[in-house]
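> Starting from the known structure of chain X, arrange chain A with the ligands on it as the hints suggest.
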Amino acid sequence: MGRGWRELCLIVLPTVAIAAWAPNLYGNVLLLFNFVLYITLAQGMNAIYGFTGYLPFGYVGFFGAGAYGFAIAAMAGVHPAAALAVAGGAGIALGLILTPLLRLSGAYFAIANLAAAQAVYQVVANPALAPITKGPYGVSLSAVFAPRASYLVAVALMGATMAAIVWLRNGRFGLALMALRDDPVSAASAGVNIVRARTIAWLLSALVASLAGGAFAWQISVFYPETAFDMSISIFAIVFTLFGGAGTLLGPLIGVLLLYGVYNWIGIAVPQYFQLIYGALIVVLVLFLPNGLVSLLTQRGIRVP
Amino acid sequence: MSPEPPPLLEVRDLVKRFGGFRALDGLSLDLRAGEVLGLVGPNGSGKTTCINTIGGLQRPDGGVVTYDGRRIPGLRPHRLSRLGINRTYQSPRPFASLTVRENVLVAATEGCGSTPPDLDTLLASLGLAGQAARPAGELNSAEQKTLDLARALATAPRLLLVDELAAGLNPTELLRMAERLRALADRGMAILVVEHLMGFIERVTDRVIVMNAGRAIFGGRLAEAVRDGDVKRVFLGGAHGG
Ligand SMILES: Nc1ncnc2c1ncn2[C@@H]1O[C@H](COP(=O)(O)OP(=O)(O)OP(=O)(O)O)[C@@H](O)[C@H]1O
Ligand SMILES: [Mg+2]
Numbered sequence: 001m002g003r004g005w006r007e008l009c010l011i012v013l014p015t016v017a018i019a020a021w022a023p024n025l026y027g028n029v030l031l032l033f034n035f036v037l038y039i040t041l042a043q044g045m046n047a048i049y050g051f052t053g054y055l056p057f058g059y060v061g062f063f064g065a066g067a068y069g070f071a072i073a074a075m076a077g078v079h080p081a082a083a084l085a086v087a088g089g090a091g092i093a094l095g096l097i098l099t100p101l102l103r104l105s106g107a108y109f110a111i112a113n114l115a116a117a118q119a120v121y122q123v124v125a126n127p128a129l130a131p132i133t134k135g136p137y138g139v140s141l142s143a144v145f146a147p148r149a150s151y152l153v154a155v156a157l158m159g160a161t162m163a164a165i166v167w168l169r170n171g172r173f174g175l176a177l178m179a180l181r182d183d184p185v186s187a188a189s190a191g192v193n194i195v196r197a198r199t200i201a202w203l204l205s206a207l208v209a210s211l212a213g214g215a216f217a218w219q220i221s222v223f224y225p226e227t228a229f230d231m232s233i234s235i236f237a238i239v240f241t242l243f244g245g246a247g248t249l250l251g252p253l254i255g256v257l258l259l260y261g262v263y264n265w266i267g268i269a270v271p272q273y274f275q276l277i278y279g280a281l282i283v284v285l286v287l288f289l290p291n292g293l294v295s296l297l298t299q300r301g302i303r304v305p
Numbered sequence: 001m002s003p004e005p006p007p008l009l010e011v012r013d014l015v016k017r018f019g020g021f022r023a024l025d026g027l028s029l030d031l032r033a034g035e036v037l038g039l040v041g042p043n044g045s046g047k048t049t050c051i052n053t054i055g056g057l058q059r060p061d062g063g064v065v066t067y068d069g070r071r072i073p074g075l076r077p078h079r080l081s082r083l084g085i086n087r088t089y090q091s092p093r094p095f096a097s098l099t100v101r102e103n104v105l106v107a108a109t110e111g112c113g114s115t116p117p118d119l120d121t122l123l124a125s126l127g128l129a130g131q132a133a134r135p136a137g138e139l140n141s142a143e144q145k146t147l148d149l150a151r152a153l154a155t156a157p158r159l160l161l162v163d164e165l166a167a168g169l170n171p172t173e174l175l176r177m178a179e180r181l182r183a184l185a186d187r188g189m190a191i192l193v194v195e196h197l198m199g200f201i202e203r204v205t206d207r208v209i210v211m212n213a214g215r216a217i218f219g220g221r222l223a224e225a226v227r228d229g230d231v232k233r234v235f236l237g238g239a240h241g242g
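Note that the protein sequences, when read in sequence, are chains X and A.
Mind the numbering: the first sequence is residues 1 to 305 in UniProt numbering, read in order.
Mind the numbering: the second sequence is residues 1 to 242 in UniProt numbering, read in order.
Bound conformation, chain X alone (with noise of 0.2 Å):
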């Protein structure tokens, strides 16, 4: 058996298998779908930054792109399912509209695409488009409501991404882009088609964001231009995937329970010190560990999955 479908049936399945069982052991479901589409994110993230070294302040576009996009559809009265593959067709769109931004480099980059992502907002919450999106005042999706299909989906989601990740460490294509991300002259040089990768690499984690934002707005139903383009989404992708390690599949899952599992708890524990201790935590790390918790393995020469 390969290290992939070792990967695969040893790292992926079982996460799977875990967040599809917990709801029957765990009754907070709006607590699990958030470490779910978390480690969705995160690992969206780590697919264009792992892998190509392209920041994107900007992800939560892709999400809020897909929010919208299931909102709109599923107002329109189309099946959930059709309304997720909307949602996927905004955040494909946006991505191709956004792939010049791929020729910036470093925090031009970064900007760029963060200014993109309010645009899109901006459009959003336009109130002269209340008619389709429903501008600020938000959208209420009570007829599709359903909060345990929803979660699957989202569960589902999370092992597709996971399995991307692990296509990406262990195949053709994702080696490709690991030069690339090294040396784009080089790269190209050794026969990678630079513009055709990074693109591929770009689109699929734009799928993945707003894959997640739809099922996002699936799952709470209620929701507003400001929750669904919040920046602390992207926020909270970017630094769980370099806290736990970009460009691995273990890392950006492993930033994920451990980071989220603590904003859950000292924000519920101890409210008044939480940004504080949380603020204080990401310092040490990007200080320390630049690259990740993993790091501290793969230091030592340890491949980590």
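Since the hints were made in silico from the structure, they are not lab data.
Taking beta-carbon pairs under 8 Å as the criterion, some of the chain A residues facing chain X (in silico):
1. Pro77
2. Val106
3. Gly111
4. Cys112
Derived Cβ-Cβ restraints for the label pairs, each shown as a range:
5. Gly106(X) - Gly44(A): 28 to 34 Å
6. Ala115(X) - Ser141(A): 39 to 45 Å
7. Leu297(X) - Ser114(A): 36 to 42 Å
8. Gly19(A) - Trp5(X): 52 to 58 Å
9. Thr99(X) - Gly19(A): 27 to 33 Å
10. Tyr108(X) - Asn170(A): 38 to 44 Å
11. Ala132(A) - Ala156(X): 37 to 43 Å
12. Leu258(X) - Gly44(A): 52 to 58 Å
13. Ala93(X) - Ala133(A): 38 to 44 Å
14. Gly69(A) - Phe288(X): 57 to 63 Å
15. Leu297(X) - Ala132(A): 18 to 24 Å
16. Gly301(X) - Glu4(A): 52 to 58 Å
17. Arg182(A) - Cys9(X): 49 to 55 Å
Covered by chain A, per the in silico footprint, the following chain X stretches (three or more residues, Cβ under 8 Å):
18. 176-185
19. 190-198
Source: prediction; values computed, not measured.
Glycine included, each C-beta is placed from N, C-alpha and C at the ideal position.
Below, chain A with the ligands alone, put in the same frame as chain X:
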């Protein structure tokens, strides 16, 4: 005697400008399969720019490059790679976080338009077998240059452009590298060698072109070049090229 086959690479009146400055100012050269052509000249004479424009990294502003009977200016490096043109870089450009073996694997799977060589044999022949599992970023500069060559060879090129491969090698390594390039040419590869070390040029090349200020000022055997008046002036007066 059978008539000579047409050159694999024909460069005619190549011009490359950077702003108002002409880094290549009407360069022409021919290169046949199985032939090693040296490109020498003082610093800044346009040698690397010549490789960059033939290799698709930079677009020429004038002139014609014909490879295997087909005009190639405008093709991107990944297309040229699959057509059989590859190169090394003056400052090596490894995929630092990938292992040595993954470095050549990328090139073999993505950039080879024919049958790629056996990668373990390739690494062994270049003395990199022991490093195969190490991240390329950990290699020293000479090893990284050799890895650049290994990566280029993994695409099974018919035309190989090497840019100062010998700098940083010790005398034994130099000798071995020269033998390897000769052996590749003997099996039919066309090789353009940019180099400052004249001993190395002497050993590997059939012919040299001496460049100055973006033009060829001499073409022929190295032994004749050192007696040529223009060449002497370029190398001994003003800029010196080692
Ligand atoms: N991207 C660029 N932008 C502007 N000028 C450039 C660029 N690349 C090269 N040049 C200039 O073109 C001239 C030729 O450079 P090139 O690197 O081809 O020289 P070279 O013969 O390879 O020199 P060396 O022996 O030092 O490697 C130099 O004057 C250099 O400064
Ligand atoms: Mg040079």
